[in-house]
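2 protein chains.
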Amino acid sequence: MRQSKLFTKTLKTAPKDETSTNARLLIRAGYVDKLMAGVYTYLPLGLRVLNKIKNIVREEMDAIGGQEILMPALMPKEPWAITGRWVKPGDEVMFQFKGRGDKEFGLGWTHEEIVTPLVKKFIRSAKDLPITVYQIQDKFRNEPRAKSGLLRGREFSMKDLYSFHADEASLEKYYDLMNKVYLKIFKRCGLDALVTEASGGAFSQYSHEYQVLTPAGEDTIYYCVTCHYAQNKEISIYKENDPCPKCSGIIKEGRAIEVGNIFKLKTKFTQAFNLTFADDDQKQKLAVMGCYGIGPSRVLGAVVEVRHDEAGLTWPREIAPFLTQLTTIGGKDDKINAKINKQAEELYQILQKQGIEVLYDDRIGLSAGEKLAEADLLGLPYRVIISAKTIEKNAVELKKRTAKTAESLTAKQLINLLAKDIE
Amino acid sequence: MRQSKLFTKTLKTAPKDETSTNARLLIRAGYVDKLMAGVYTYLPLGLRVLNKIKNIVREEMDAIGGQEILMPALMPKEPWAITGRWVKPGDEVMFQFKGRGDKEFGLGWTHEEIVTPLVKKFIRSAKDLPITVYQIQDKFRNEPRAKSGLLRGREFSMKDLYSFHADEASLEKYYDLMNKVYLKIFKRCGLDALVTEASGGAFSQYSHEYQVLTPAGEDTIYYCVTCHYAQNKEISIYKENDPCPKCSGIIKEGRAIEVGNIFKLKTKFTQAFNLTFADDDQKQKLAVMGCYGIGPSRVLGAVVEVRHDEAGLTWPREIAPFLTQLTTIGGKDDKINAKINKQAEELYQILQKQGIEVLYDDRIGLSAGEKLAEADLLGLPYRVIISAKTIEKNAVELKKRTAKTAESLTAKQLINLLAKDIE
Numbered sequence: 017m018r019q020s021k022l023f024t025k026t027l028k029t030a031p032k033d034e035t036s037t038n039a040r041l042l043i044r045a046g047y048v049d050k051l052m053a054g055v056y057t058y059l060p061l062g063l064r065v066l067n068k069i070k071n072i073v074r075e076e077m078d079a080i081g082g083q084e085i086l087m088p089a090l091m092p093k094e095p096w097a098i099t100g101r102w103v104k105p106g107d108e109v110m111f112q113f114k115g116r117g118d119k120e121f122g123l124g125w126t127h128e129e130i131v132t133p134l135v136k137k138f139i140r141s142a143k144d145l146p147i148t149v150y151q152i153q154d155k156f157r158n159e160p161r162a163k164s165g166l167l168r169g170r171e172f173s174m175k176d177l178y179s180f181h182a183d184e185a186s187l188e189k190y191y192d193l194m195n196k197v198y199l200k201i202f203k204r205c206g207l208d209a210l211v212t213e214a215s216g217g218a219f220s221q222y223s224h225e226y227q228v229l230t231p232a233g234e235d236t237i238y239y240c241v242t243c244h245y246a247q248n249k250e251i252s253i254y255k256e257n258d259p260c261p262k263c264s265g266i267i268k269e270g271r272a273i274e275v276g277n278i279f280k281l282k283t284k285f286t287q288a289f290n291l292t293f294a295d296d297d298q299k300q301k302l303a304v305m306g307c308y309g310i311g312p313s314r315v316l317g318a319v320v321e322v323r324h325d326e327a328g329l330t331w332p333r334e335i336a337p338f339l340t341q342l343t344t345i346g347g348k349d350d351k352i353n354a355k356i357n358k359q360a361e362e363l364y365q366i367l368q369k370q371g372i373e374v375l376y377d378d379r380i381g382l383s384a385g386e387k388l389a390e391a392d393l394l395g396l397p398y399r400v401i402i403s404a405k406t407i408e409k410n411a412v413e414l415k416k417r418t419a420k421t422a423e424s425l426t427a428k429q430l431i432n433l434l435a436k437d438i439e
Numbered sequence: 017m018r019q020s021k022l023f024t025k026t027l028k029t030a031p032k033d034e035t036s037t038n039a040r041l042l043i044r045a046g047y048v049d050k051l052m053a054g055v056y057t058y059l060p061l062g063l064r065v066l067n068k069i070k071n072i073v074r075e076e077m078d079a080i081g082g083q084e085i086l087m088p089a090l091m092p093k094e095p096w097a098i099t100g101r102w103v104k105p106g107d108e109v110m111f112q113f114k115g116r117g118d119k120e121f122g123l124g125w126t127h128e129e130i131v132t133p134l135v136k137k138f139i140r141s142a143k144d145l146p147i148t149v150y151q152i153q154d155k156f157r158n159e160p161r162a163k164s165g166l167l168r169g170r171e172f173s174m175k176d177l178y179s180f181h182a183d184e185a186s187l188e189k190y191y192d193l194m195n196k197v198y199l200k201i202f203k204r205c206g207l208d209a210l211v212t213e214a215s216g217g218a219f220s221q222y223s224h225e226y227q228v229l230t231p232a233g234e235d236t237i238y239y240c241v242t243c244h245y246a247q248n249k250e251i252s253i254y255k256e257n258d259p260c261p262k263c264s265g266i267i268k269e270g271r272a273i274e275v276g277n278i279f280k281l282k283t284k285f286t287q288a289f290n291l292t293f294a295d296d297d298q299k300q301k302l303a304v305m306g307c308y309g310i311g312p313s314r315v316l317g318a319v320v321e322v323r324h325d326e327a328g329l330t331w332p333r334e335i336a337p338f339l340t341q342l343t344t345i346g347g348k349d350d351k352i353n354a355k356i357n358k359q360a361e362e363l364y365q366i367l368q369k370q371g372i373e374v375l376y377d378d379r380i381g382l383s384a385g386e387k388l389a390e391a392d393l394l395g396l397p398y399r400v401i402i403s404a405k406t407i408e409k410n411a412v413e414l415k416k417r418t419a420k421t422a423e424s425l426t427a428k429q430l431i432n433l434l435a436k437d438i439e
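First to last, the sequence lines map onto chains A and B. Heads up, the first sequence is in this note's numbering, so the first residue is 17 and it goes up one at a time. Heads up, the second sequence is in this note's numbering, so the first residue is 17 and it goes up one at a time.
Any given hint might turn out to be false.
Just so you know, same-sequence chains aren't split out, so a pair can sit in one copy or run between any two.
[Claimed, not checked] Below are the BS3-like pairs computed for lysine-lysine, each with C-alpha atoms no more than 25 Å apart in a straight line:
1) Lys299 / Lys358
2) Lys93 / Lys155
3) Lys387 / Lys136
4) Lys119 / Lys104
5) Lys114 / Lys155
6) Lys137 / Lys25
7) Lys119 / Lys155
8) Lys114 / Lys50
9) Lys351 / Lys104
10) Lys200 / Lys301
11) Lys50 / Lys155
12) Lys114 / Lys104
13) Lys28 / Lys50
14) Lys25 / Lys163
15) Lys301 / Lys143
16) Lys114 / Lys369
Read the hints as simulated data drawn from the structure, not as lab findings.
Work out the full structure, taking the sequences as your base and the hints as a guide.
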């Protein structure tokens with residue numbers, strides 16, 4: 017994409033009403049815009065990152081047989097009345113309101129009440145199970161403190177997968193598989209997530225949260241510095257400097273962001289909606305259920321919190337809006353400027369043909385300092401510079417976002433290197 | 017995809033509470049599920065169609081320089097109070113409600129009040145214009161009569177593009193371009209849409225609607241049977257059998273579904289939000305604006321209304337969930353059944369490798385009649401059949417959904433034919 021065509025602009029300073037690092041940086045860099053507390057617009061660069069995160073999640077869910085569907089955000093009261101959640105947590109969590117004819121609606125903050133009756137329609141016998149369905153969709157919460165940018169939204173994106181099984185052994189097996197897949201997803205997004213034991217509710221001893229350590233986190237966890245065993249403070253029996261129960265390490269306290277969770281719901285919802293199936297012995301049995309959430313918008317915010325520096329954003333390769341920026345730095349000599357632009361245009365075309373995603377800073381009239389500072393703020397993994405100096409050397413300069421210095425390469429070397437990086 | 021893995025099932029009869037053809041067929045075929053009037057879940061097959069429509073729209077918007085963003089559905093009252101639309105149409109159209117601290121929210125049914133202040137942040141001078149931004153996102157309406165399946169939803173998907181220009185000439189030029197692109201989009205989706213003059217509001221003589229003729233339509237239009245000039249009844253000065261003002265044809269009355277519209281808003285919203293720019297003469301001028309909507313979920317419903325037959329759905333190629341179904345029809349001879357399955361498995365792998373989207377009906381224990389009736393209901397463009405008869409002939413059978421008879425081909429001929437169709 018040509019940067020001259022991008023309608024957004026970067027800001028010299030962050031907006032005063034934002035306190036979170038993720039929102040301050042993302043707004044300054046033109047990735048998102050704030051509509052109100054906890055509600056953001058994704059601008060072209062931010063939407064590219066969000067969609068890359070969603071697509072990683074989608075790929076990994078599809079790879080383990082998840083079937084994608086899309087459930088509504090607008091919901092009638094009735095299924096929530098059945099489980100009691102219309103009243104508790106009720107409007108503490110859910111936006112609830114009336115439409116025409118005083119019909120009562122709520123906005124979805126989770127979808128057990130919708131997916132369970134839905135799946136029930138298609139289950140007759142044990143051979144219909146397991147069923148694993150998921151969606152990637154926007155959810156809503158009547159949030160009391162929406163001050164953490166993308167980390168705690170009133171409107172936010174969510175992948176929620178629900179699995180339905182004939183027995184607990186099948187649920188356990190799938191739950192363990194999902195745990196592995198979740199760690200893979202966070203790794204692809206550039207996050208080290210700790211599998212953290214959390215409250216399991218009435219039906220299970222534990223659920224598991226995926227927590228990313230950062231002072232910006234709203235959760236407190238106790239974790240082993242050696243083996244990374246971790247518990248959420250809410251349920252933890254440990255305190256700082258306790259010995260780890262799993263290894264010879266010691267337990268530390270830390271702030272963390274929850275970027276995902278998995279939960280064995282067992283028969284909590286299948287009982288409420290009488291989701292039964294004919295087992296091989298012809299008796300009707302309740303299906304058992306698990307749910308598995310990842311918040312792509314929260315992942316985006318968490319990546320910014322743990323990966324930025326004084327100059328700006330630093331995207332991991334797989335979710336960067338573009339792999340590389342291509343920047344021309346002109347001078348006062350029109351003849352040399354023409355050569356710079358010609359080489360940059362040619363390189364832009366070649367890189368695009370190779371399938372390499374390039375943000376081409378073709379803007380004129382900006383100083384080298386302005387362009388490079390803005391490139392640091394945008395935080396793409398690579399930056400290719402074409403200037404009078406590189407033209408003279410018959411080369412281009414390549415700088416990794418997190419490296420101190422640039423290296424000089426021929427155009428061919430550059431193309432090979434970038435092509436290799438996206439393989 | 018293997019049909020044995022698909023969690024949805026087709027229904028022998030349509031649900032009693034649905035009166036619209038599109039919802040009855042889509043529910044029977046397992047494409048959508050109804051949560052409540054005007055609110056549907058997209059099941060795996062339905063979501064594939066919806067996403068294909070969205071991607072056609074996205075491709076065509078990107079091709080004319082549209083920049084994709086994603087605005088929120090949850091909105092504060094304030095910008096709507098500025099334009100007066102918080103009160104009129106107010107809750108006649110918008111779901112409005114209170115959150116914590118009695119803060120007032122609404123759910124987006126359109127986005128002028130959000131996009132205008134957003135774009136204003138990035139416009140300084142004439143050289144920042146034109147700007148064209150769009151989103152593909154779910155919208156909400158406090159709908160009084162949601163009885164037409166996907167045609168009139170309380171929650172529905174929408175592509176809304178907003179263009180901002182330095183002068184009316186630039187708006188006019190873009191408006192005409194968009195008109196051409198819209199006709200291309202509907203054609204790709206398998207719809208013949210009539211460009212129909214409709215009310216232009218206070219600022220323009222006409223807006224233009226894209227109307228698809230069908231008795232299921234909720235609009236009434238007058239149109240020329242010869243040159244397809246059309247007006248919405250709401251503003252039309254014509255009546256049935258009038259001479260066409262544009263050609264020698266005659267005017268007919270017809271029911272139609274509005275699948276898109278384009279509207280010159282001019283300064284209606286830029287005035288409300290004081291979206292000005294420094295023109296070349298250094299004077300501050302109001303930008304002029306256009307908006308351009310297409311409802312992908314309504315397009316989906318409209319396609320079903322105009323393209324179905326007694327046996328079920330008949331998808332146009334570009335938006336079919338899969339290009340072809342691959343169906344095995346077994347018999348009582350286990351040895352021949354094994355051959356059938358072996359050939360089908362091989363063909364399935366080859367077609368997938370070629371990038372041909374296949375729904376492989378690998379289910380066993382169903383009669384030929386059941387499988388073929390269900391294939392008709394699902395409505396994929398092609399169906400490939402492997403049976404004892406085809407094995408004997410060392411061939412496969414290919415039937416177009418809308419053809420009366422199947423033709424016999426070698427596997428190689430089949431692969432070439434299908435590969436050619438997706439080019």
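Intra- versus inter-copy proximity for Lys50 and Lys114 (alpha-carbon distance at most 25 Å): Only across copies: Lys114 and Lys50 sit 20 Å apart there, 27 Å inside one copy, limit 25 Å.
Classify it for me, Lys301 with Lys143: is the Cα-Cα distance of at most 25 Å met within a copy, between copies, both or neither? So Lys301 and Lys143 pass the 25 Å test inside one copy only (13 Å; across, 68 Å).
Checking an output row: Lys137 and Lys25, CA cutoff 25 Å. Within, between, both or neither? Classified as between; 9 Å across copies, 50 Å inside a copy.
Under a CA distance limit of 25 Å, which applies to Lys119 and Lys104: within one copy, between copies, both, or neither? The answer is both: 19 Å in one copy and 21 Å across copies each meet 25 Å.
At 25 Å max between alpha carbons, let me know whether Lys28 reaches Lys50 within a copy, between copies, both or neither. within (16 Å within a copy, 49 Å between copies)
Alpha-carbon proximity between Lys387 and Lys136, which holds within one copy, between copies, both or neither at 25 Å: between (57 Å within a copy, 23 Å between copies)
From the Cα coordinates, with 25 Å as the cut-off, is the pair Lys114 and Lys369 best called within, between, both, or neither? Neither. Shortest intra-copy (53 Å) and inter-copy (51 Å) distances fail the 25 Å Cα cut-off.
Within, between, both or neither: how does the pair Lys25, Lys163 come out at a Cα-Cα threshold of 25 Å? within (24 Å within a copy, 45 Å between copies)
With identical chains, the pair Lys351 and Lys104 could be close in the same copy or across copies; at 25 Å between alpha carbons, which is it: within, between, both, or neither? Answer is neither: 72 Å inside a copy and 60 Å across each miss the 25 Å cutoff.
As a check of your reading, is Lys93 near Lys155 (CA-CA no more than 25 Å) within one copy, between copies, both or neither? both (16 Å within a copy, 20 Å between copies)
At most 25 Å between CA atoms: does that hold for Lys114 and Lys104 within a copy, between copies, both, or neither? For Lys114 and Lys104, the Cα distance is within 25 Å both inside one copy (18 Å) and across copies (18 Å).
What label fits Lys119 with Lys155 when the C-alpha limit is 25 Å: within, between, both, or neither? Classified as both: same-chain Cα gap 21 Å, cross-chain 19 Å, threshold 25 Å.
Violation of the numbered hints given earlier is confined to hints 1, 9, 10, 16; the remaining hints are satisfied by the structure.
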